[in-house]
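Line order of the protein sequences matches chains A and B.
Per the working numbering, the first sequence starts with residue 1, numbered consecutively.
Per the working numbering, the second sequence starts with residue 1, numbered consecutively.
Take the hints with a grain of salt, since some may be wrong.
Said to hold, decoys possible - The calculated lysine-lysine pairs, modelled on DSS-like cross-linking and capped at a C-alpha distance of 27 Å, are: (1) Lys-141/B <-> Lys-92/A; (2) Lys-73/A <-> Lys-70/B; (3) Lys-73/A <-> Lys-59/B; (4) Lys-109/A <-> Lys-59/B; (5) Lys-92/A <-> Lys-132/B; (6) Lys-70/B <-> Lys-168/B; (7) Lys-70/B <-> Lys-113/A.
No lab work stands behind these hints, which were simulated from the structure alone.
Here's the letter readout for the chains.
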Amino acid sequence: MAAPMRFLTRRTCPQICHRILGCVNVQVANYAKAKVPAFKGAKDLTSEKPKGPSIETDPAVLTTQCCGANIYKDGSDPPLRPDEEYPDWLWKLHLGPAATLDDLEPGTKKYFKRLRKENIWADNARRKGKKFSVQAPPARKYE
Amino acid sequence: MSKGVKAAKKMAQAVGGPNFIKGLVPAGQALPAPPLGPILGQRGIPIAQFCKDFNEKTKHIKEGVPVPCKITILPNRKWNIEFKLPPVSYFLKAAAGVAKGAHSTGHEVGGIVTVKHVYEIAKVKGQEEHLKHLTLEQMCKSIIGQARSMGIQVVHQLEAEEYGVFLKELAERRKREAEEKAAAAEEALKGMRS
């Protein structure tokens, strides 16, 4: 069985050809990849798919009921009752941004949880973009 | 969860792996080939029958509400579906009257709800099997945390008027962002063509 003949063509040995022929730009017909953002086509997709339950837009309704709380076809969304009917702890819940390390008392459980979280974030940021390497992880700081 | 999109979120399961699929399927709207079809088909489940079964079981739920489900695949091309309540993010967006959360969380506010809304959501969602052991207070804290991560602000009081103003401004901002994005895409297109 004769070994298949391998002809030196531009396709089989592009590296050699490149050096011999220099930079030759040849029109090659390939299937074009959709690299361009097809934003015009993308808008049409939403009209094909069925919509979910309609979103309430009337602020008067949104502020008097808990819209969406009732997921069933029967019944309606629960109304928001006057302040007195809700438990006291509801008004004392923390609503703002999460406490940072400066706000917390060092040594408490919350402090350590936050410290751990921030270390993880720092570690993730440091590792981002790096390839996998067999390095020891950086030592954690315990202040 | 974009309600207009039919796509179910699926965890990639090797066909030889554990025989269940977890996903988020819009109630009463199970059918599309792309998300559900191939995944079920690969495991030998007749897709049309499954969709009929799923839609039957979710017909008491409003159409399009995202329902997390766990589909256990039994021998003999049978299956078992376990349902859960919709995710908290769905409840929060519905209560706030927005389709999506904030585009850049922490930098913008994507919606506002009051603590009362959070309480009502906690009452509903707290009935879930895996959340029953939590107190309402714990449930509320969890929901507030989720709202924070979605860019939905939680306040004590909210008047209809001010919320109306906020929603209008939000709509305008979204429109501007969409226009800017379209313009940027146009530019990119021109750049590629030239």
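So, going through the hints one by one against the coordinates:
A hinted pair counts as satisfied when its Cα atoms are at most 27 Å apart, and Lys-141/B with Lys-92/A qualifies at roughly 11 Å. Restraint check for Lys-73/A and Lys-70/B: satisfied, since their Cα atoms lie roughly 22 Å apart, inside the 27 Å limit. Taken as a hint, the Lys-73/A and Lys-59/B pair is honoured in the structure, with Cα atoms around 8 Å apart against an allowance of 27 Å. Between Lys-109/A and Lys-59/B the alpha-carbon distance is near 46 Å, which puts this suggested pair outside the 27 Å criterion.
Distance hint between Lys-92/A and Lys-132/B is fulfilled; the C-alpha atoms sit about 23 Å from each other, no more than 27 Å. The straight-line distance between the Cα atoms of Lys-70/B and Lys-168/B is roughly 39 Å, outside the 27 Å bound, and the hint therefore fails. As the CA atoms of Lys-70/B and Lys-113/A are separated by approximately 32 Å, the hinted pair breaks the 27 Å bound.
The structure does not agree with the numbered hints 4, 6, 7 stated previously, though it agrees with the rest.
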